[in-house]
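Mind assembling these two chains? They're in different frames, but the hints should get you there.
Top to bottom, those sequences are chains P and B.
So the first sequence is residues 1 to 533, counted in this note's numbering.
So the second sequence is residues 534 to 743, counted in this note's numbering.
Simulated from the structure, these hints should not be mistaken for laboratory data.
It cannot be assumed that every hint is accurate.
As the list claims (entries may be wrong) - Derived contacts from chain B toward chain P, CB cut-off under 10 Å, selection only:
no., residue
1, Ile595
2, Asp626
3, Cys727
4, Met729
5, Leu733
It should be emphasised that the depicted structure is a prediction, and the values quoted were computed from it without experimental measurement.
All C-beta atoms in this analysis are idealised placements derived from N, C-alpha and C, irrespective of residue type, glycine included.
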Amino acid sequence: METPIVKAKKGISPIWILPLVAILIGCYLVYKDYQESGIMINVAIKDANGLTEGKTQIFFKGLPVGTLRGFSVSPDLKHINAEIEMLKQTRKRLTKDTLFWVVRPEISMNRVTGLDTLITGSYFEVQPGSSKEQSDSFVALPAPPPLSTRLPGLHLTLHTKDAVSLEAGSPVSFKKVAVGEIASSTLLQDGTIETKLHIYPDYMDHVTTSSRFFVSSGIHFEANLPKISVQVDPLKTVFRGGVSFFTPGGGKKISDTKRVFPLYENTDHAHRADDIKIKLTFSVDHGLEADAEIRFNGIKIGLITQIELESDLKTVHAIASIDKSMKALLNEDAYLWTVNARFNAGGISNLDTLIKGSYVNILPGTGKTSQTFQVHDTRPVNITVNTGLNLVLETDRLGSLGYNKPVYYRQVQVGHTTGYELSPTGQNVLIYINIHNPFVNLIRANTKFWNSTGFRVKGGLMTEMRISTESLAAIIGGGISFSTPNEEDMGNRVANGKHFILHRDPDDKWLTWSPPLKLGNFTVPLPPQKAQK
Amino acid sequence: MSDKTAKQLTAMDAGFLSCHDCGKLLEAGQMIQDRAVLTCTRCNSELHFRKPHSIARVWALIITAMVLFIPANLLPIMRVDFLGTKSYSTIMDGIIYFFHEGEYGIGLIIFIASVLVPLFKMIGMVIILLSIQFKWRKGLRHKSSMFRFIEFIGRWSMLDIFVIALMSTLVSFGGFTATVAAPAATYFSTVVVCTMVAALTFDSRLLWDA
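For reference, chain B alone in the conformation it holds in the complex (with noise of 0.2 Å):
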């Protein structure tokens, strides 16, 4: 195990670069220069040896995550106006709504969707981005399938908004019944966003250079 992790000879160290965009493998050798932009010679797209900024780009998308997902739960996340009446509900709110209505399927996938998935996510990132800046070597190969994992299960948060976004075109039925965002919404989109966006930002190879 510790002989697969231990630092091996990267692409980097041998003055290969890879293509973001179409992956094609280029020699940089000597050409690394002050101010010198490279691009490929295929796709010519940009090119680094790793993103560029990533772990800082990725601190502050996971920070700013983390910050709007105290608002996003704790203010209510949708209004239901029925017959003038509002009534406001959490994420939360709805989650125990369905759990005491029996609906305990659509009440699990909204709390994995909702709560568990961004918190999983920011987590995750959080714990990758430390073991990068601290070197903490151990279970990179976990960590990196942790990644993968987080890249692909960051656009399932965005369950919530879809619901609200259909509910409020659906329901809406004047001064009857009217199904409205509320503030919420605007928090945790963002959360699911900077999320998403930090997994992009993020380059997994920067774990096995640390």
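With the rest of the complex left out, here is chain P (with noise of 0.2 Å):
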């Protein structure tokens, strides 16, 4: 019996395919894998802590770019080559100016930056450069690159010579927003601190010729009694510092980039850039700290920044700056003084200067500007008020008056003492007073001046006795009274400077004079100023 021939089936069974298609793929990883095979540069960089290979990663804001694929120690030993496989596509960046610097977790007072670090290892970060020139090794920076300048925006550099520590990323407020970042701060061979700062394009009209930028360091408590005031910046500059500024009118565009501005220590210093200064010479115990404030009618015009003593251990002087817009108090015999806490029975004066120090008066005088000033222990003998009527009281003694004590009419205060001084030839005292607007009619050429204070005895044990007293102020404090004649004998009206004499005691007459006097505004001419002492 025959058996039939069996053949095997001819071709190819399909199953085949499989590893055609297996080495299609094969073939097709090879090819990939080509095509992306980066460039090896190769990097010098100080120390190769946190980077490992294979996984440390380049990145360029914040895209990965490239890989470090291993480490050689530099025949020197001084430094650590990384040889990293940039993408393909980098290779027309890798220029000779292209910057790199490793990224590592950095946390200090006032701020922490590569926070994604410390789980993920440090990592390299990259600026291309703009050069032509291609390069395939490159030195790591030991910090990122300042902002490069070439950002759009207003890039400005400012100095001090104070110690101010700024990071490099730290914001630029203007009206406490953001508006720009510090590029740079570093410290300059002349030992000045130059600072860079990066102003964003919306905000670069903000700045001007005239801003004045300083330090904000974040909070600001300022005890100024009865006021006290806490200014807290915003939370990102308490924690990392900065800079702020503010633009007073006036200034012009900024054209000129390398115009420097200088860089204040605080916004008072700010505030006070343009103050005039001033030089104060004290007697040694003068009592004023620096901070002191310099007043005129009551009003801060400026303060007193330092106080030395001088290089003859005798005289102290002190340099005050002066608000611009009161240049015109700063005449050349100007009267300044120190004015503390007092206590005497007349009562308790410049108490508030117990709480916030002493400060320094002025009372404007005539002449040239000057930039020097003596500063006195005393009042001025005479504080001359531009208004009402100023006279001059003869007496023979001072007794408890002194200044402003008042001056009173039939017991109603119409005016004050303003001043008092030994008469030149020392026999008798000039007390000047000043009497106010609405009274000066009271006053006459006949007028009768009189010592209040305290009370009188009159008599003798064998006749009348008499007991007269004043208001109770005026017992104590001291005061002076006067009285006009009735009217045929009144006089006419007085002009400033003029002398009376100070009577200890008013004759009983004068008590029952009652002449009708309109009260009212007469402008009363003054005298030529006499100069202060």
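Pasting the structure below:
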């Protein structure tokens, strides 16, 4: 029996498509790998802490553009060569001035950077260069490079001699809004700290030639009794510090980027930047401290910025800064004196200085503008008041009279003493008084003045005894009273500077006078002002 | 030894064939004709003396597995995103990681399941195929027990893939951290599937036929 011929089926089994596909995939992978194979470059770094070969990546604007492949130590053992594979597309950008630096976590008092590196490990960052010349070996920067000055916006330079700690990346604020950032802060050879700022393009117009920059430390505490102010900058600034600025009017748009602005220590310094600096000379015991105010008519016009002992160790001088608008007060013969708290029988004066500290009062004079002044311990002999009527009373002794004592008419205060001095010959005391405005008409040529301090006992043991008193305030504090004779004897109105006699006691007759005198504002011509001592 | 492995009368020679599915033994006798399709009288499945085109199919599958085994090991099999940073790891990276961490047991299991077993399967199958093609009749018993082992161990190679599948579903916290399968996972599972199918396709009786 014949057995049939069994023939194998011809043709290739379709299963062979499988290895074919596998080989195609393999070929494709090889091709892709070749296509994507990067460019090997060398970057010299100081140390390889936190860097892992195969894992550490190179980022450009947060996008991975390369991977660290390996390390080798330089022959002189001074640095590490990091072998990096960069993406193929970066070829054109790997020029001589391309910058590499390692980003590591950094935690300092005022900021935390590179937090992500705590978990992911350090990484490289790259900033492409603009040079035409290509290169494949680089040296890593020790720190991130300053912001490129090619960025749109305004690039400014600030200089300061103060010790300020500013870090790149900290905000630049204008009205508490971040309008830029600090590009770099470096110490120059001469000790100046140079800070470079980058103002974002949107806010460029807020900076003019008159802008003033200052360090915003974050929390600003100012205890200026009775006002206590605490200013807190945005939290970001509190932690990181930063630079703020304000722009007084009158500045021009900045065209010259080489212009250097001063950087002030704080807001106050910045505000006082264009103040007038004056030099004050003191007697040794002045009771003043730096930051003491300088006041005019009770208004702060400036402050003492520093106090120093002169090299002869005898006099003290201070530098004060006075608001620009107060320039008119700074005359050659302006009188300055220190004001301290004072307690005496006449009352407590200048109580506020106990809390706020002593201050310097200024009484402007005439003459040319000056920048050096002597500061007196005592107030000026006479503070001329420009309104009302200024008179001079002559008496043999001062008694308990002094400054700012009331002048009464029928026990109503109508004026005050403005000063006193010994007459040039020393024979009597000159008391300067000012009669306030609606009462000027009460003073006539024959008006009698007497010292109304205390109480008077009149008469004798055998005769009638009379005790006359003035108001309680006058009894304790002292004061001056006056009376004007009845119509026919009163005399004419008087001019400024008229001298009267100040009697110790009133004549009984004077107390009975009661002429009708119209009250009102009369302008009295001022006599040529006396030069103060 | 040589006696036992010497060519003996086989069921095929005697015209008997057994059903692949239910194992019923049938006598083919004179029924073998061109293009005739024999079916089992019991389960109605197609009958063959030997699994058809077994050797060619196994060769194709094994070659496929060997080719794909290269990218499966060179390319990363898993991607771990941690806070925006992607880190890729290959199979070997994982094994080295466990050994570094002192987890020798886990490292060893992964090494055996993911590297040794596929390699063993592929090399073993190649040896078996070559011994059939070149009629190497030495150690047939060892070879057949090796084949049984290959058949049994095949599924365990999927361990790695299971781990990745579990990780990518369990470790998925958005931007914080996520685990994603990387290209090599596909190649690796293809390798495992190919070797398993190869083991199924292979008819061990061919060893003795040769």
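Hint check:
Proximity of isoleucine 595 (chain B) to chain P holds as hinted, the smallest CB-CB distance being about 8 Å (cut-off 10 Å). Annotation: aspartate 626 (chain B) was flagged as interfacial toward chain P, and the flag holds, the nearest CB pair being 8 Å apart, inside 10 Å. Hint on cysteine 727 (chain B) holds. Least Cβ distance to chain P is approximately 7 Å, under the 10 Å limit. At about 13 Å, the closest approach between the beta carbon of methionine 729 (chain B) and any beta carbon in chain P exceeds 10 Å, and the interface hint on this residue is violated.
Taking 10 Å as the C-beta cut-off, the interface hint given for leucine 733 (chain B) is violated, the closest approach to chain P being about 13 Å.
In summary, the structure is inconsistent with hints 4 and 5 from the numbered list given earlier, while agreeing with the others.
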